[in-house]
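Those protein sequence lines, which keep their order, are chains A, B and C.
Residue 96 in my numbering sits at position 96 of the first sequence, and the numbers go up by one each step.
Residue 211 in my numbering sits at position 211 of the second sequence, and the numbers go up by one each step.
Residue 249 in my numbering sits at position 249 of the third sequence, and the numbers go up by one each step.
To be clear, the hints were calculated from the coordinates, so they are not data collected in a lab.
Check the hints yourself; a few may be wrong.
Said to hold, decoys possible - Below, computed lysine-lysine pairings styled on DSS-like, alpha-carbon distance capped at 30 Å: (1) C:K189 <-> C:K214; (2) B:K61 <-> B:K119; (3) C:K29 <-> C:K189; (4) A:K117 <-> B:K119; (5) C:K29 <-> C:K66; (6) C:K118 <-> C:K146; (7) C:K118 <-> C:K132; (8) C:K146 <-> B:K288; (9) C:K29 <-> C:K132; (10) C:K118 <-> B:K288; (11) A:K87 <-> C:K146; (12) A:K87 <-> A:K165.
This is what each chain is made of:
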Amino acid sequence: MLLQQLINGIALGSTYALIALGYTMVYGIIALINFAHGEIFMVGAFVGLLMVGVFKFNIFLAMVCAMIFCMVLGVVIEFVAYRPLRKSSRLSALISAIGVSIFLSSLALMVFGANAKGFPDQAFSSRQIHIGDADISTLQLLIIGVSAALMIGLEFIVRKTRIGKAMRATSEDYNTAALMGVNVNFVISFTFALGSALAAAGGVLVGMLFNAVSFNMGLMAGLKAFAAAVLGGIGSIPGAMLGGLLLGVTEVFGVAIGYSSYRDAIAFAILVLVLLVRPTGLLGRKVLTKV
Amino acid sequence: MLHGLVNSIDPYFLQILVNIGIGIILALGLNIITGLTGQLSLGHAAFMSVGAFTGALLTLKTGAPFCLNLLLSGLFTAAVAALIGWPILRLTGDYLAICTLGFAEIVKVVFLNMEITNKALGLTVPSPRSAVPMPVIVLMVAILAIAASTFIQNSRFGRALKAIRDDEIAAASMGINIARYKVQSFAVSAFMAGVGGCLYAHFLGYINPSDFGFLKSIDMLSMIVLGGLGSIPGAVLGASILSAAPEFLRFMSQYRMLVYGALLVFLMVFRPNGLLGGVNVTALVLRKLGVRPHGAARKQEEKQ
Amino acid sequence: MTALLRLDNVTIRFGGLVAVNGVNLDVEKGEILALIGPNGAGKSTIFNLITGIYPPTEGGISFNGKSIAGLPPYVIAGGGIGRTFQNIRLFNELTVLENVLIGAHTRGRWGLTGALLKLLPAVRKEEGRLLKWASHCLSQVDLAHKAFDRAGNLPYGEQRRLEIARALAIEPALLLLDEPAAGMNPQEKRTLLEMVRTIRAAGVTVFLVEHDMKFVMGLSDRIAVLDYGVKIAEGRPEEVRANPAVIEAYLGKGATH
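The task is simple: from the sequences and hints, build the whole structure.
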């Protein structure tokens with residue numbers, strides 16, 4: 001029973017981690033909570049659904065399509081709604097992000113209607129595998145596997161490539177990086193693209209996990225993923241991964257011990273608690289401002 | 001006599017007016033914590049919810065006179081805000097915003113699961129016990145809200161709030177107890193949200209915890225952003241436009257949120273001050289009316 | 001002891017960096033004391049320690065004989081210490097007069113109740129009194145004619161003067177000026193010099209940080225020198241100027257003027 005819940009938690013948590021990574025990277029680099037990030041996750045799910053349902057792509061191809069589409073979407077959003085506000089107050093950028101979020105979810109509502117849509121059965125036929133006294137479905141394995149692969153890929157990009165170094169430099173000190181010749185605009189766009197790609201993948205995976213894709217899945221998932229990012233330490237990539245997994249496991253266990261109607265509130269309770277008790281999260285670091 | 005007057009107005013039009021009135025009260029409330037004090041609250045609908053349910057339960061269980069009901073709902077909501085404000089308002093900017101959002105969601109989920117709020121079924125609210133008809137009460141409260149906001153704006157208290165908004169460290173260095181003023185500002189805002197919620201509950205006749213979610217908080221935020229953060233005439237204008245618009249654009253109702261979203265982005269990028277932010281409306285109006293201001297006000301006028 | 005402000009072996013560490021290291025310093029009542037030193041020596045940090053923005057890691061700070069280390073900034077300000085900032089921190093969106101009125105915050109009492117009961121005679125009386133005091137402070141820095149301008153629109157030199165007016169509105173016993181002459185032309189500096197002398201004559205003790213040597217030499221009663229967070233000299237201007245340690249600290253570090 002414990003093992004089963006743990007497996008369920010890790011599968012769910014991996015998806016939260018995928019989304020949380022986008023939040024944390026963007027916050028680390030331009031100190032903005034990209035409120036629209038959850039909607040990118042939602043759009044990714046819909047694109048994946050369309051690819052499988054209409055074009056009969058297999059799930060991996062559909063995921064790649066969703067990722068590419070959302071990469072572009074993320075870059076466009078940054079360009080239109082955030083870049084003009086880089087010199088403005090944080091409040092303005094945050095409100096703009098909220099605006100984008102509302103716009104996207106309303107658009108999805110208009111285009112796809114209010115009802116949740118499910119993935120067709122042939123998308124990925126899932127079997128149960130027996131481990132000990134728990135079942136793990138091949139879908140869950142897929143989710144964990146894909147998430148892990150993407151996260152390893154991200155770590156590689158961030159740690160071992162030039163663009164990754166540029167990303168790290170820009171998030172440490174925006175102005176100095178610019179003075180050192182880093183094309184800051186490109187780095188920021190790239191960061192958005194990466195984060196959006198991960199969120200899109202998460203969207204497709206979650207869509208299959210719950211077999212439901214709807215216009216309002218973005219808000220809730222986004223907020224929970226943000227809670228995960230804060231839990232792990234906003235700005236820290238390993239933190240986002242850790243936070244996502246912890247949140248997923250906590251949520252699943254919370255439901256299992258009987259708080260299912262408070263399911264969504266669990267993430268928020270964690271969020272509020274972390275913010276009040278240890279705002280830098282588990283792996284984040286405290287930054288002092290010069291007076 | 002008042003009843004006669006109220007009944008003579010077309011009910012559809014009356015409904016719009018009352019919506020505008022309640023919108024004004026809510027917008028002005030949010031304006032105090034977000035526009036004046038600079039603390040973004042993304043969960044203000046939760047306070048509206050607390051006020052709505054408190055008022056509804058007071059009417060249902062006690063049949064108290066409406067004016068007392070309003071006052072108690074407001075005070076209770078303010079007390080709740082003061083309580084959660086103390087720990088929460090230590091947070092800055094983005095974190096505070098998200099925290100208020102999280103808190104609002106928690107409130108919603110809790111109300112959806114509580115016996116006393118009738119869980120997901122919501123509450124039907126009977127007509128309030130009042131000699132004065134509802135629309136007149138709404139009008140009076142809206143006027144009071146405008147007066148209170150104006151008084152606050154130009155007082156020692158309001159100046160402290162504006163200082164906190166502009167530069168917290170400098171404000172503290174001038175002797176302002178940041179934590180205390182933030183909490184007080186939060187409580188006043190919540191009071192107005194609670195009163196607005198109570199009015200809303202009794203006017204609509206039915207409330208459900210799901211009515212007071214994130215989108216409702218954004219509704220309120222859009223009003224003051226559209227009108228101009230920190231501006232009282234702005235809040236009134238923004239509330240009026242956004243409360244009335246859905247009615248006039250009823251055929252476009254599904255576009256409403258789409259427009260809100262695009263509007264927020266558009267405003268922030270092209271006109272972050274909103275419609276009336278940074279505009280001295282009283283001076284403008286007086287000038288148009290041909291009234292020349294004297295003394296200090298005149299000096300101020302010449303600087304505009 | 002006549003020391004108005006006493007720093008007693010004050011140290012502050014930021015992680016591995018020791019910004020201020022075992023500093024002992026007295027500010028005598030009624031004097032003008034200047035704190036100089038190369039960039040990054042820790043001068044502004046000392047001000048931030050005094051005003052409560054950071055608590056010291058070690059050591060004590062006392063004002064008028066009472067310990068103030070670790071107290072929050074608003075309490076210290078209320079106790080009679082006013083300050084200006086190295087990078088001007090005005091309330092840019094507010095008017096010049098409102099800025100000074102906020103400086104006068106501690107001279108008023110009415111809070112939220114006063115705001116709501118604005119028409120009450122007692123409240124109106126207090127507002128009138130605050131307004132008069134703020135206008136007086138503005139006249140002292142010769143900015144009364146710009147009372148209703150937006151603070152952020154003022155030219156640089158006037159912004160610095162406004163910050164001083166705002167700090168004076170606290171009616172402080174001790175005024176901390178953080179690089180008040182920075183970015184000013186010679187004419188403005190002369191005006192500022194006279195202004196500070198007038199302030200001291202009115203009974204305010206002045207403790208300032210400055211880079212402009214001529215300004216400092218002409219104004220201060222005593223000078224203390226900070227280098228790498230350590231006090232390396234203290235005394236009358238002539239003594240300090242001739243001190244070899246001071247000269248060495250500035251040599252090759254781009255000493256100004």
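The hints, checked one at a time:
Between the alpha carbons of K189 of chain C and K214 of chain C the distance comes to roughly 10 Å, so the proposed pair stays at or under 30 Å and holds. Simply put, K61 of chain B and K119 of chain B have alpha-carbon atoms about 17 Å apart, close enough for the 30 Å limit, and the pair holds. A C-alpha spacing of about 24 Å is found between K29 of chain C and K189 of chain C, which places the hinted pair at or below 30 Å, so the restraint holds. The hinted pair formed by K117 of chain A and K119 of chain B meets the criterion: a straight-line CA distance of about 27 Å does not exceed 30 Å.
Restraint check: the Cα-Cα separation between K29 of chain C and K66 of chain C comes to about 15 Å, which is no more than 30 Å; the hinted pair holds. A hinted pair counts as satisfied when its Cα atoms are at most 30 Å apart, and K118 of chain C with K146 of chain C qualifies at roughly 26 Å. At most 30 Å may separate the alpha-carbon atoms for a hinted pair to count; K118 of chain C and K132 of chain C meet this at roughly 18 Å. Between the alpha carbons of K146 of chain C and K288 of chain B the distance comes to roughly 25 Å, so the proposed pair stays at or under 30 Å and holds.
Between K29 of chain C and K132 of chain C the alpha-carbon distance is near 28 Å, which keeps this suggested pair within the 30 Å criterion. For a cut-off of 30 Å, the pair hint linking K118 of chain C to K288 of chain B stands: about 28 Å separates their Cα positions. Taking the CA atoms of K87 of chain A and K146 of chain C, the gap is about 28 Å. The hint holds against a cut of 30 Å. Straight-line distance between C-alpha atoms of K87 of chain A and K165 of chain A comes to about 24 Å, which keeps the hinted pair within the 30 Å bound.
Violated hints are absent here; each numbered hint is respected by the structure.
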